[in-house]
Structure formats: structure tokens, C-alpha cells
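Same order as they appear, the protein sequences are chains A and B. Quick note on my numbering: the first sequence kicks off at 1 and runs consecutively. Quick note on my numbering: the second sequence kicks off at 1 and runs consecutively.
Treat the hints as calculated values from the structure; they're not laboratory data. The beta carbon of each residue, even a glycine, is placed where N, CA and C say it ideally should be. There could be a bad hint or two in this list.
[As the list claims (entries may be wrong)] Among the chain B residues that face chain A by a calculated CB cut under 7 Å, a handful are:
1) I11
2) S14
3) G43
4) L44
5) R69
6) N102
7) F106
[As the list claims (entries may be wrong)] What the simulated footprint calls covered on chain A by chain B, stretch by stretch (three residues with Cβ under 8 Å from a Cβ of chain B suffice, anywhere in the stretch; the number is not a length):
8) 42-48
9) 52-58
10) 103-115
[Stated by the list, open to error] Listed next, with one range per pair, are the computed distances between beta-carbon atoms:
11) B:A17 <-> A:P39: 23 to 29 Å
12) B:I60 <-> A:P8: 35 to 41 Å
13) B:Q58 <-> A:G3: 20 to 26 Å
14) B:A1 <-> A:E52: 38 to 44 Å
15) A:Q18 <-> B:G28: 35 to 41 Å
16) B:A17 <-> A:E82: 42 to 48 Å
17) B:A1 <-> A:R67: 23 to 29 Å
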Amino acid sequence: KAGVTQTPRYLIKTRGQQVTLSCSPISGHRSVSWYQQTPGQGLQFLFEYFSETQRNKGNFPGRFSGRQFSNSRSEMNVSTLELGDSALYLCASKLRSTGSSTDTQYFGPGTRLTVL
Amino acid sequence: AQSVTQPDIHITVSEGASLELRCNYSYGATPYLFWYVQSPGQGLQLLLKYFSGDTLVQGIKGFEAEFKRSQSSFNLRKPSVHWSDAAEYFCAVGAGYGGATNKLIFGTGTLLAVQP
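Okay, chain A solo, but in the shape it has when bound (with noise of 0.2 Å):
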């Protein structure tokens, strides 16, 4: 079964730019969350989608934004790009939105943003 993919992996952009990036899931999971890693801070939760639904928000401005699609599919866009929004975005899958012991998360590679 293929993994998570991500597209593009890599990016360059310059400030004031905008970016959407988007994420495949494993077939047959319908949840998809995003996160951004940095150095400075971290490994940062972004949103979470399920059946095309926003179910969970990080603390985050409005210049980042996702949706998710009918397969599962999901994109995030980030308007306005910042110099500090170079970073590596990550995407995770996982079968359902629950807290069940059995439903994890599977990461892709990510694609690595750099804003110019």
C-alpha cells in the first residue's frame, strides 16, 4: 500500500507570494492533518480534516488554510508568504478522526517551503 505523498517536496517562493501544497493520504484513510517543523519552533500542528471537514485548528493566522476533498485529498495554502514560513510541511493520514488506540498517524516526506 503506497504511503502519504506530498507535492511538491520542494518550493521556493518569495515574501508576499502565495503557496498551496498538497497531500495524498493512504487509500482509505480520511483524516489528514498538517503540521510546519522549523528550527526555532519546532514541530507545530497546523489543522486536521475529515470528510472534508475542519475538525481541529492550531495556533495559527488566517494566512493558512486547508480543505480537504471528496477522496481525501487535502491542500493547504498559505497567502501572503513571511520569511518565516519557510519550513518543512508535514502531512499525516490516518483511517478516522478518533482516539482509538489502532488509528495513528502516517507522515509523508514533506515538502520543504523556502521563502526568498
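For chain A, the structure is supplied; the task is to place chain B on it using the hints.
Okay, now just chain B, sitting in the frame of chain A:
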């Protein structure tokens, strides 16, 4: 608020030596705890998880972790380290609406170096 502390930023061990990585958490209820490993340029791989029951949890690659409620700790151990274990290790606690695995709060990570 939930939080995770990994006191050791960087650890160096000799190949064949034993390893213990420390993790302390702050969480109001029974925590769901995880250890992930990240190799350079890779996403996060789940090593093991604790939800309930036996406080000694076995994971992949010969790792184990022990949940100690009285110490709010979930330390990761391995009896004999291999050179391929060199990576960054993250401890996380599960939180979030709808289920305590929907949002992971990560520690800052411990970078493990293995000397030949």
C-alpha cells in the same frame, strides 16, 4: 495546556551501547504518548505508542518505552544502539477534539549521534 519536554537536545552514544532518551509531558487526563523518529530528509516514522494497559511498550527496531505516571515521563530505551539509529527522535502527546490522536503536540526533539 498540554506540553512535552525533551531535555536532551543532542546525545552521542557509541555503537553497541545502551540508549535512553528522556521525555516528560504535561497533560490533564490520561495521556496518549508516542515516539517518532525522523531521518534526514524524511518524514516521521512511528516507533511506538502508549494508550493504556501495560506501562512498558515495545516498538519497532528494538525500541521500548516505559510510561511512568508518577513522574509524567515516557522515556525511550534501546539496549544496544546501531549506527543506523542515528536520527532525530520526537516524543509527542495526543490531543484534539474528537479523539486524542487527532492533534499531536511534539517535544523539541533529541538528535542522536552514534560513534563507531
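Would you list, in rising numerical order, the hints stated earlier that this structure does not obey? Numbers 1, 2, 5, 12, 14 - these are the hints that the structure violates, sorted from lowest upward.
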